[in-house]
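J.: We have chain B already, so just place chain W on it with the hints.
Protein sequence lines, in the order shown, are assigned to chains B and W. At position 9 of the first sequence (counting the first as 1) the number is 9 in our numbering, and the numbers step up by one without a gap. At position 69 of the second sequence (counting the first as 1) the number is 69 in our numbering, and the numbers step up by one without a gap.
Where hints are given, some of them may not hold.
What the hints assert, rightly or not - Over 10 Å on every C-beta distance to chain B, these chain W residues come out as not near it, computed from the model:
1. Glu1
2. Ile12
3. Thr15
4. Val21
5. Arg44
6. Arg72
7. Glu79
8. Ser95
9. Leu103
10. Ser107
11. Ser112
Stated by the list, open to error - Mimicking DSSO-like on lysine-lysine, the simulated pairs with C-alpha atoms at most 30 Å apart in a straight line are:
12. Lys65/W x Lys18/W
13. Lys68/B x Lys65/W
14. Lys26/B x Lys67/B
15. Lys68/B x Lys102/W
Unchecked claim - The calculated label-pair distances, taken between Cβ atoms and stated as ranges, are:
16. Leu41/W x Lys26/B: 12 to 20 Å
17. Asn100/W x Lys67/B: 29 to 37 Å
18. Leu88/W x Lys26/B: 24 to 32 Å
19. Lys69/W x Thr93/B: 41 to 49 Å
20. Thr15/W x His57/B: 42 to 50 Å
21. Leu88/W x Asn65/B: 29 to 37 Å
I should point out that these hints are in silico values taken from the structure, not numbers from a laboratory. All C-beta atoms in this analysis are idealised placements derived from N, C-alpha and C, irrespective of residue type, glycine included.
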Amino acid sequence: QQPVQSPQAVILREGEDAVINCSSSKALYSVHWYRQKHGEAPVFLMILLKGGEQKGHDKISASFNEKKQQSSLYLTASQLSYSGTYFCGSSDTGRRALTFGSGTRLQVQP
Amino acid sequence: EAQVTQNPRYLITVTGKKLTVTCSQNMNHEYMSWYRQDPGLGLRQIYYSMNVEVTDKGDVPEGYKVSRKEKRNFPLILESPSPNQTSLYFCASSSKGTSNEKLFFGSGTQLSVL
Numbered sequence: 001q002q003p004v005q006s007p008q009a010v011i012l013r014e015g016e017d018a019v020i021n022c023s024s025s026k027a028l029y030s031v032h033w034y035r036q037k038h039g040e041a042p043v044f045l046m047i048l049l050k051g052g053e054q055k056g057h058d059k060i061s062a063s064f065n066e067k068k069q070q071s072s073l074y075l076t077a078s079q080l081s082y083s084g085t086y087f088c089g090s091s092d093t094g095r096r097a098l099t100f101g102s103g104t105r106l107q108v109q110p
Numbered sequence: 001e002a003q004v005t006q007n008p009r010y011l012i013t014v015t016g017k018k019l020t021v022t023c024s025q026n027m028n029h030e031y032m033s034w035y036r037q038d039p040g041l042g043l044r045q046i047y048y049s050m051n052v053e054v055t056d057k058g059d060v061p062e063g064y065k066v067s068r069k070e071k072r073n074f075p076l077i078l079e080s081p082s083p084n085q086t087s088l089y090f091c092a093s094s095s096k097g098t099s100n101e102k103l104f105f106g107s108g109t110q111l112s113v114l
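The following block holds chain B by itself, in its conformation from the complex:
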């Protein structure tokens, strides 16, 4: 079953912050985050494993709350280059594939 992402779309001005949520009805082993620019392949951002860790690079970070079966992606001081569709992918075991959410379209305006 696909994880549920929210919001479906968000429009920001440069410099504003955004949070994208990803929740699952199943217990999660790991959560992946990818960003896709229009017409391009998804690009890996980060993986979070169960243990409640928080990861980040640059101004993009994420948290994983396995108890709540959810992850959140935080984009701070957004830049134009952050525009795209963000997907979370979740797995309920250490093996096998990810199931992806339907995506969150983020548009950063000048």
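T.: Below, chain W alone, put in the same frame as chain B:
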């Protein structure tokens, strides 16, 4: 350069005409997978392979076939394409297929079935 290569990039065909979309990776990855992407539905897995000669169904396998005769190649076969298979297709790979490894995606194949 490490990459996943898909061909063709664009394909227009007619209902019932068999087609193959190729996927090749040069990273010696064991795990390979096919996804389709449709508006509002995100990425849905069609088939995956944990290694040579090992394939399994994903969430939307109907109407598709795959084979994994060599480690580097994982073609997607549509034996009798139908209009509802019009979609953007991505091939992806990772080292072992465990969920703590990132996926490398190909650049996609936009398929239109008329």
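J.: Taking the hints in turn, state whether each one holds.
T.: Evaluated hints:
For glutamate 1/W, the requirement that its beta carbon stay farther than 10 Å from each beta carbon of chain B is met, with the minimum near 14 Å. Look at isoleucine 12/W: its CB is around 17 Å from the nearest CB on chain B, clear of 10 Å, so calling it non-interface holds up. Against the 10 Å criterion, threonine 15/W stays outside the reach of chain B, whose nearest CB is about 26 Å from its own CB. Every Cβ of chain B is farther than 10 Å from the Cβ of valine 21/W; the closest lies at roughly 14 Å, confirming the non-interface assignment.
With a least beta-carbon separation of about 7 Å from chain B, arginine 44/W fails to lie farther than 10 Å from that chain, contradicting its non-interface assignment. At roughly 18 Å from the closest C-beta of chain B, the C-beta of arginine 72/W stays outside 10 Å, upholding its exclusion from the interface. For glutamate 79/W, the condition that its CB be more than 10 Å from all CB atoms of chain B holds, with the nearest at approximately 23 Å. Interface exclusion of serine 95/W from chain B stands, the closest Cβ pair being 13 Å apart, more than 10 Å.
Taking the minimum C-beta to C-beta distance to chain B, about 7 Å, the non-interface status of leucine 103/W is violated against the 10 Å cut. Distance to chain B contradicts serine 107/W as a non-interface residue, since its nearest Cβ pair spans about 5 Å, not more than 10 Å. Against the 10 Å criterion, serine 112/W stays outside the reach of chain B, whose nearest CB is about 15 Å from its own CB. A hinted pair counts as satisfied when its Cα atoms are at most 30 Å apart, and lysine 65/W with lysine 18/W qualifies at roughly 11 Å.
For the proposed pair lysine 68/B and lysine 65/W, the alpha carbon gap of about 37 Å is over 30 Å, so the pair is violated. Annotation: proposed proximity of lysine 26/B to lysine 67/B holds, straight-line Cα distance about 10 Å (limit 30 Å). Simply put, lysine 68/B and lysine 102/W have alpha-carbon atoms about 23 Å apart, close enough for the 30 Å limit, and the pair holds. In this structure, leucine 41/W and lysine 26/B meet the distance hint of 12 to 20 Å, their C-beta atoms being roughly 19 Å apart.
As the Cβ distance of asparagine 100/W to lysine 67/B is approximately 19 Å, the hint placing it in 29 to 37 Å is violated. Distance hint check: the CB atoms of leucine 88/W and lysine 26/B are about 27 Å apart, consistent with the given range 24 to 32 Å. In this structure the hint that lysine 69/W and threonine 93/B lie 41 to 49 Å apart at CB is violated, the actual value being about 27 Å. Taking 42 to 50 Å as the suggested C-beta distance range, the pair threonine 15/W and histidine 57/B conforms, at roughly 46 Å.
Roughly 32 Å separates the CB atoms of leucine 88/W and asparagine 65/B, a value that falls within the hinted 29 to 37 Å.
Going down the numbered hints, you'll see the structure goes against 5, 9, 10, 13, 17 and 19, while the others check out.
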